[in-house]
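Asks: Read off the chains here:
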Amino acid sequence: MLQLTGISKTFFPGTVNERRALVDIDLHLKERDFVTVIGSNGAGKSTLLNIVSGSIRADQGTVAIGGRDVTKLTDFQCASYIGRVFQNPSAGTAPHMTIKENLAVAQQRGRRRGLRLAVTKARREQFKQELATLEQGLENRLDDWVGLLSGGQRQSLSLLMATFTHPQILLLDEHTAALDPQRAALVTRLTAELVERHHLTTLMVTHNMEQALTMGNRLIMMHQGKIIMDVAGEEKAAMKVPDLLAAFENIRGAELSDRTLLA
Amino acid sequence: MITAVELGLLYALMALGVYLTFRILEFADLTVDGGFTTGAAVAGVSIVNGVDPLVASGAAFVAGLGAGTITGLLHTKANIDGLLAGILTQIALYSINLRIMGKPNISLLREDTLFSGLRASGHLGGSSYVGIGILSLVALAFLALIIWFLHTDLGLAMRATGDNSEMIRSFGVSTDAQKILGLALSNGLVALSGSLVAQYQGFADSTMGIGMIVAGLASVIIGQAIFGRLTVFRAAFAVVVGSVLYRVVIFLALKAGLNPNDTKIISAVLVVLALVLPQMGFFKRIPARFRPRNGAQTAATGGTVDDPVAPSESDAEPAAAPKEQ
Ligand SMILES: Nc1ncnc2c1ncn2[C@@H]1O[C@H](COP(=O)(O)OP(=O)(O)O)[C@@H](O)[C@H]1O
Ligand SMILES: [Mg+2]
Chain A
0 MLQLTGISKT FFPGTVNERR ALVDIDLHLK ERDFVTVIGS NGAGKSTLLN IVSGSIRADQ
60 GTVAIGGRDV TKLTDFQCAS YIGRVFQNPS AGTAPHMTIK ENLAVAQQRG RRRGLRLAVT
120 KARREQFKQE LATLEQGLEN RLDDWVGLLS GGQRQSLSLL MATFTHPQIL LLDEHTAALD
180 PQRAALVTRL TAELVERHHL TTLMVTHNME QALTMGNRLI MMHQGKIIMD VAGEEKAAMK
240 VPDLLAAFEN IRGAELSDRT LLA
Chain B
0 MITAVELGLL YALMALGVYL TFRILEFADL TVDGGFTTGA AVAGVSIVNG VDPLVASGAA
60 FVAGLGAGTI TGLLHTKANI DGLLAGILTQ IALYSINLRI MGKPNISLLR EDTLFSGLRA
120 SGHLGGSSYV GIGILSLVAL AFLALIIWFL HTDLGLAMRA TGDNSEMIRS FGVSTDAQKI
180 LGLALSNGLV ALSGSLVAQY QGFADSTMGI GMIVAGLASV IIGQAIFGRL TVFRAAFAVV
240 VGSVLYRVVI FLALKAGLNP NDTKIISAVL VVLALVLPQM GFFKRIPARF RPRNGAQTAA
300 TGGTVDDPVA PSESDAEPAA APKEQ
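Here the protein sequences line up with chains A and B, keeping their order.
So the first sequence is numbered by numbering that gives the first Met the number 0: it starts at 0 and just counts up by one.
So the second sequence is numbered by numbering that gives the first Met the number 0: it starts at 0 and just counts up by one.
Among these hints, one or two may not hold up.
[To be verified] Calculated from the model, a selection of chain B residues having no Cβ within reach of chain A, i.e. all distances over 10 angstroms:
1. I1
2. S106
3. D111
4. I131
5. F226
[Claimed, not checked] Label pairs and their calculated CB-CB ranges:
6. B:V275 to A:A184: 44 to 50 angstroms
7. B:R98 to A:R67: 44 to 50 angstroms
8. A:T119 to B:L83: 39 to 45 angstroms
9. A:A184 to B:V247: 35 to 41 angstroms
10. A:T70 to B:K102: 53 to 59 angstroms
11. A:R115 to B:K102: 44 to 50 angstroms
12. A:L116 to B:K76: 43 to 49 angstroms
13. A:P241 to B:K76: 31 to 37 angstroms
14. A:N16 to B:L83: 34 to 40 angstroms
15. A:R115 to B:I79: 31 to 37 angstroms
[What the hints assert, rightly or not] According to the in silico footprint, chain B covers these stretches of chain A (three or more CB under 8 angstroms from chain B):
16. 68-81
17. 107-121
It is worth saying that the hints were derived from the structure and are not from the lab.
Glycine is no exception: its CB is placed at the ideal position from the N, C-alpha and C atoms.
Build the full structure now, drawing on both the sequences and the hints.
Replies: Written as structure tokens, this is what we have:
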């Protein structure tokens with residue numbers, strides 16, 4: 000479903016600020032794979048998602064979605080295949096538009112936008128049903144401005160908007176990180192439900208190792224632009240947080256000894 | 000006074016154009032000063048050459064579409080700052096307008112215009128309210144069109160482009176295309192307004208667009224300061240009323256003894272007042288929707304880089320109260 004081949008990305012190449020964000024990444028997601036991604040700050044997780052979504056162009060390598068080469072497409076051209084939720088709850092919705100208008104915008108994902116009234120009676124009903132699944136009473140607030148919603152509500156709405164049109168890939172970048180623990184748990188639960196209901200192929204970055212282990216069927220760990228661990232199925236199911244921590248320690252240890260060697 | 004109201008209704012189309020760019024796309028578009036004259040010039044020359052005035056006005060609209068498209072292309076494809084892109088088109092249009100007209104001034108007094116019938120029967124600018132009635136219907140028709148457009152799928156995409164461009168791109172909309180379209184439509188309205196004003200006053204003049212953007216902003220800001228901009232409906236309606244109010248204020252100022260050359264500074268002061276007053280402490284107690292948008296939420300950056308200032312969340316306290324259009 001998603002095929003990354005030989006992806007490399009360096010920011011500010013050839014300057015003192017040079018940053019090798021991704022180094023020769025190969026990653027293949029099968030249909031309905033749900034992959035969680037962990038890694039230290041600056042490991043390249045967001046860059047990886049931005050390259051999949053077309054927000055950033057890779058220096059090398061190719062991206063294919065559902066067999067289609069999308070390497071050269073920009074973000075809005077990829078959007079018909081990809082649903083996205085960002086870390087910042089304000090990022091995924093338009094604050095000065097109503098809930099129903101935001102949903103109408105989302106429903107036209109990748110379709111032609113013409114001169115038909117966006118919110119029809121039929122759509123209202125459909126939006127109500129979709130919102131009801133969020134269990135936050137938003138189905139009674141169709142006409143409210145999204146800017147009035149709390150961060151948790153906005154993030155739930157973003158999640159709904161990203162998923163209900165069945166994109167081929169769902170990209171989540173620490174989408175619960177800005178929420179308090181209770182709301183984060185709610186959005187996490189909704190994520191699992193929506194991915195399940197819409198049979199989505201998902202790539203989810205998280206800083207929460209517990210979450211990375213309990214969700215999805217596969218886990219990758221990134222470090223310095225490389226995938227340094229890739230576990231799936233029973234192997235993943237058997238893993239515990241201490242195992243991940245140990246893996247982290249391992250890399251850091253290796254790094255330290257590298258440095259001592261160099262010194 | 001009646002003349003002021005009638006002019007206000009004609010300028011309302013220009014103000015609606017400014018609303019599209021300034022409020023919907025959050026783009027201060029200085030093309031307006033040039034495009035307004037372009038509309039007057041195109042219609043004027045066409046009418047003098049025997050073109051039907053309705054067709055001539057349509058041609059003015061199309062010319063405005065072109066002007067706006069050029070600013071849009073300069074901004075989105077050539078990556079020129081929005082203000083500068085508008086200024087460049089505006090200055091270029093000044094030369095083009097003189098080319099179109101062939102001379103600085105075209106008289107339409109003896110020509111058949113959209114308004115000659117009304118004028119001849121004494122229904123315009125005089126003591127009759129028929130002119131106001133008819134022009135109100137015209138302004139309301141365009142108001143209805145704009146409001147309808149902003150509620151279509153396309154219109155929603157345009158509003159989202161101004162509200163959260165990152166978000167609307169993630170749903171497959173080219174924000175560049177939306178900006179170009181918005182600028183084109185806006186300047187189409189501006190040029191149409193210019194053509195109507197020229198026909199109303201009986202001449203087209205190469206300088207008649209100077210300061211027009213400030214008049215447009217004044218209409219938008221004054222109208223919305225009074226009527227609010229809670230919904231698209233209210234916001235756009237406020238613009239039309241603001242345009243009439245603005246012309247009436249100017250009319251009263253002149254009547255009070257100010258020189259016609261002073262109208263530009265009156266406009267500038269009005270806009271400054273309308274922008275500054277709401278920021279003062281006293282006005283802060285006024286409901287938020289009457290205040291200018293305070294960059295309510297800088298939503299756009301999102302996932303590209305980790306956002307260190309992601310708002311913390313709380314159900315008791317809504318993120319903000321940004322209820323304006
Ligand atoms: N837009 C950018 N411009 C310059 N450098 C960037 C940009 N985005 C990311 N980087 C750099 O690339 C590396 C990987 O960043 P990122 O993908 O955001 O990491 P993560 O999401 O895993 O924390 C970091 O060193 C970061 O500084
Ligand atoms: Mg990141």
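Asks: Now tell me, hint by hint, if it's right for this structure.
Replies: A quick look at each hint next to the structure:
no. : hint                                 : result
1   : I1                                   : holds (36 angstroms)
2   : S106                                 : holds (39 angstroms)
3   : D111                                 : holds (33 angstroms)
4   : I131                                 : holds (31 angstroms)
5   : F226                                 : holds (17 angstroms)
6   : B:V275 to A:A184: 44 to 50 angstroms : holds (46 angstroms)
7   : B:R98 to A:R67: 44 to 50 angstroms   : holds (49 angstroms)
8   : A:T119 to B:L83: 39 to 45 angstroms  : holds (41 angstroms)
9   : A:A184 to B:V247: 35 to 41 angstroms : violated (58 angstroms)
10  : A:T70 to B:K102: 53 to 59 angstroms  : holds (56 angstroms)
11  : A:R115 to B:K102: 44 to 50 angstroms : holds (46 angstroms)
12  : A:L116 to B:K76: 43 to 49 angstroms  : violated (31 angstroms)
13  : A:P241 to B:K76: 31 to 37 angstroms  : violated (54 angstroms)
14  : A:N16 to B:L83: 34 to 40 angstroms   : violated (29 angstroms)
15  : A:R115 to B:I79: 31 to 37 angstroms  : holds (34 angstroms)
16  : 68-81                                : holds (count 6)
17  : 107-121                              : holds (count 11)
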